[in-house]
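Trainee: Each chain is listed here by its residues.
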Amino acid sequence: AQKVTQAQTEISVVEKEDVTLDCVYETRDTTYYLFWYKQPPSGELVFLIRRNSFDEQNEISGRYSWNFQKSTSSFNFTITASQVVDSAVYFCALSEDTNAGKSTFGDGTTLTVKP
Amino acid sequence: EPEVTQTPSHQVTQMGQEVILRCVPISNHLYFYWYRQILGQKVEFLVSFYNNEISEKSEIFDDQFSVERPDGSNFTLKIRSTKLEDSAMYFCASSEDRGVAETQYFGPGTRLLVL
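First to last, the sequence lines map onto chains A and B. For the first sequence, this note's numbering puts the final residue at 112, and the numbers step up evenly by one. For the second sequence, this note's numbering puts the final residue at 118, and the numbers step up evenly by one.
Be careful, since some hints might not be right.
As the list claims (entries may be wrong) - Keeping only pairs whose Cα atoms sit at most 20 Å apart, straight-line, the calculated DMTMM-like set for lysine to aspartate or glutamate is: (1) B:Lys45 x A:Asp19; (2) A:Lys35 x B:Glu6; (3) A:Lys13 x A:Glu53; (4) B:Lys60 x A:Glu93; (5) A:Lys99 x B:Glu59; (6) A:Lys99 x B:Asp66; (7) B:Lys81 x B:Asp66; (8) B:Lys45 x A:Glu7; (9) A:Lys0 x B:Glu62; (10) A:Lys0 x B:Glu6; (11) A:Lys99 x B:Glu62; (12) A:Lys35 x B:Asp65; (13) A:Lys0 x B:Glu59; (14) A:Lys35 x B:Glu105; (15) B:Lys45 x A:Glu23; (16) A:Lys13 x A:Glu93; (17) A:Lys0 x A:Asp104; (18) B:Lys45 x A:Glu53; (19) A:Lys99 x B:Glu4; (20) B:Lys45 x A:Glu41; (21) A:Lys99 x B:Asp65; (22) A:Lys99 x B:Glu105; (23) A:Lys99 x B:Glu99; (24) B:Lys81 x B:Glu99; (25) B:Lys60 x A:Asp26; (26) B:Lys86 x B:Asp66; (27) A:Lys99 x B:Glu6; (28) A:Lys0 x A:Glu93; (29) B:Lys45 x A:Glu93; (30) A:Lys111 x A:Asp83; (31) A:Lys67 x A:Glu53.
Claimed, not checked - For each label pair, taking beta carbons as the anchor points, the in silico distance ranges come out as: (32) A:Asn49 x B:Glu56: 23 to 33 Å; (33) B:Val27 x A:Asn49: 21 to 31 Å; (34) B:Leu42 x A:Glu14: 23 to 33 Å; (35) A:Ser39 x B:Asp74: 46 to 56 Å.
Since the hints were made in silico from the structure, they are not lab data. Yeah, the Cβ is synthetic: ideal placement off N, Cα and C, and Gly gets one too.
Generate coordinates for the entire structure from the input sequences, incorporating the hints supplied.
Mentor: In structure tokens, the structure reads:
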């Protein structure tokens, strides 16, 4: 069975601080996919990234970066120089299938960025 | 920019009634998904759909649920006999393909309230 743990329920930072959101996963499969989604206060869901288990290269996209470490079963998400607009709930998810089917989500981390 | 649309935005129904939630995925997309989010809780995968059939489904997606692509544009989720615990936000998503560069695009959601 697959499981995703986001141990940080809530994080509060001041604008321009860097912040890392942790995600630890469990799976028995050797092939799996990891995702991060953002849910701002307005409620919509926004897909951020998809990473497969064979690609351990870290990913950077603007102020966002992701650190995938198979050895610790973690897929952490860092926001550099946080902004108020980054305030949202962030969900990490795991899928043992290519197309995000049967994905399991973590409970989410609520990030508040204060001005 | 193309977007996924969902109707209605809100629906209130009586327990035991049938509801149909509608989604219009992005036109050239081939993969479709339904997720739900009970208020204040994590996102849960319901079903994925490809090539006019269910690709994967979760344990939540029991016989009370069905999905359909009745024409070339709509993708519907039907709940045959709603229960109180079906009250949630339902998100539709689509992706272009099941390939490596897959990005999911989410609709704004339908908030379902079962009384």
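Trainee: Mind listing which of the numbered hints don't hold for this structure, in increasing order?
Mentor: Those not satisfied are hints 3, 10, 12, 16, 18, 19, 24, 27, 35.
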